[in-house]
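Visitor: Start from the sequences, fold in the hints, and give me the full structure.
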Amino acid sequence: MSQAYAIEIAGVWKVFGDKAHQAVADIRQNQVSKKEVLEKYNCVIGVADANMQINPGEVFCIMGLSGSGKSTLVRHINRLLEPTEGSVIVNGEDIMSMGPTQLRTFRNEHIAMVFQNFALMPHRSVLDNVALPLEIRGVSKNHRMEVAERTLEMVELSGWGNKYAHELSGGMQQRVGLARALAADPEILLMDEPFSALDPLIRRQLQSEFMALAANMNKTTVFITHDLDEAVRIGDRIAIMRDGMVVQTGTPEEIVMNPADDYVAEFVAGISRLKVVKAHAVMQPIDQFESQHGALGAGANEFLESAHLGDLITAAISSDEAAAIIDGTGKRIGAVTRADLLRTVIEGTETS
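Here my numbering runs 8 ahead of the position in the sequence shown, where the first position is 1.
No lab work stands behind these hints, which were simulated from the structure alone. Yeah, the Cβ is synthetic: ideal placement off N, Cα and C, and Gly gets one too. A few of these clues could be false.
Said to hold, decoys possible - The calculated lysine to any residue pairs, modelled on SDA-like cross-linking and capped at a C-alpha distance of 25 Å, are:
1) 43 with 56
2) 283 with 215
3) 227 with 100
4) 339 with 292
5) 43 with 25
6) 27 with 79
7) 171 with 214
As the list claims (entries may be wrong) - Distance ranges between label pairs, derived from CB positions:
8) 25 with 175: 38 to 48 Å
9) 154 with 314: 32 to 42 Å
10) 104 with 274: 29 to 39 Å
11) 164 with 27: 42 to 52 Å
12) 36 with 268: 18 to 28 Å
Guide: If you want it as structure tokens, here you go:
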């Protein structure tokens, strides 16, 4: 089994109904539709032949509209749902081969989940809620309380440990849910639309806090969302699902610049490219540029190839000269003109 990836999902199908295996066989042989599967077998397709490889430490977003299969798929990673067919490998372990006791232990020690509805226990204090995974693990009370206090500090809830869920705002309750997941120190975090029930300002604040935590803790995170803006903001890569199928997987920039089909193109039409598209995607190779325009001046503005489109546009306002794009060693590898920038912005408008 490969351990190059934190999570490997291969050929996973989830079909709900008593004739699920017959339905999958018919889909493969005859390409029957979702509607035909329902009519012929009284089965519902939740996930259809999903394949994903998620890297260690990556924030991997799975997004799609309601009913696309994203929440169904993520529940296969900790085997809350059994796939009709396919394999799921987590940290090199085939979780499909685990018995009930081994699976419970694996979940408790390696995987944590954060839910949309917070799922806090109302009769337990904030501190006791956070310490719950360690209590299940049999950790001594003193140690688990120490860990819980430290974790609450990480999510900026120091001093709230003796309160109860009903005494906290929605945003604070979600921080408690995140702290509870982090207290167990899992390698894998599964987050199922954790911020979607919150108002926009609190949601954006928690996104920022989560991004900072993710960068510091280096947890492999699978983040479910129906909001492309959220996925683009926090995801290292994004998988877009429709009707149980994975339509496209790529970096936010790849998906915005090169949508796989009309469905994805419609999704990304309203996304501003300014904070998504980077210099390397719009630059002309330095040799090509200089053969047409001559050498770039020594005083030209220089930007790393990872610079965002918005930074390039800001510089272009005050300078007619093309910007030089450099790699990590400082070598000039490309150039970006005002025309390049305008073309990229125009192609990214909803009217394109």
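Visitor: Look at each hint and say if it fits the structure.
Guide: Tested hints:
1. 43 with 56: holds, 14 Å
2. 283 with 215: holds, 16 Å
3. 227 with 100: Roughly 16 Å separates the two Cα atoms, so the pair holds.
4. 339 with 292: holds, 14 Å
5. 43 with 25: Roughly 14 Å separates the two Cα atoms, so the pair holds.
6. 27 with 79: Status holds; Cα separation ~22 Å.
7. 171 with 214: holds, 20 Å
8. 25 with 175: 38 to 48 Å: Since the Cβ atoms of residue 25 and residue 175 sit about 44 Å apart, the hinted range of 38 to 48 Å holds.
9. 154 with 314: 32 to 42 Å: Distance hint for residue 154, residue 314 holds at roughly 40 Å.
10. 104 with 274: 29 to 39 Å: Check passed, 36 Å falls within 29 to 39 Å.
11. 164 with 27: 42 to 52 Å: Holds, since residue 164 and residue 27 (Cβ atoms, about 51 Å apart) stay within the stated range.
12. 36 with 268: 18 to 28 Å: Since the Cβ atoms of residue 36 and residue 268 sit about 22 Å apart, the hinted range of 18 to 28 Å holds.
Every hint from the earlier list agrees with this structure, and none is contradicted.
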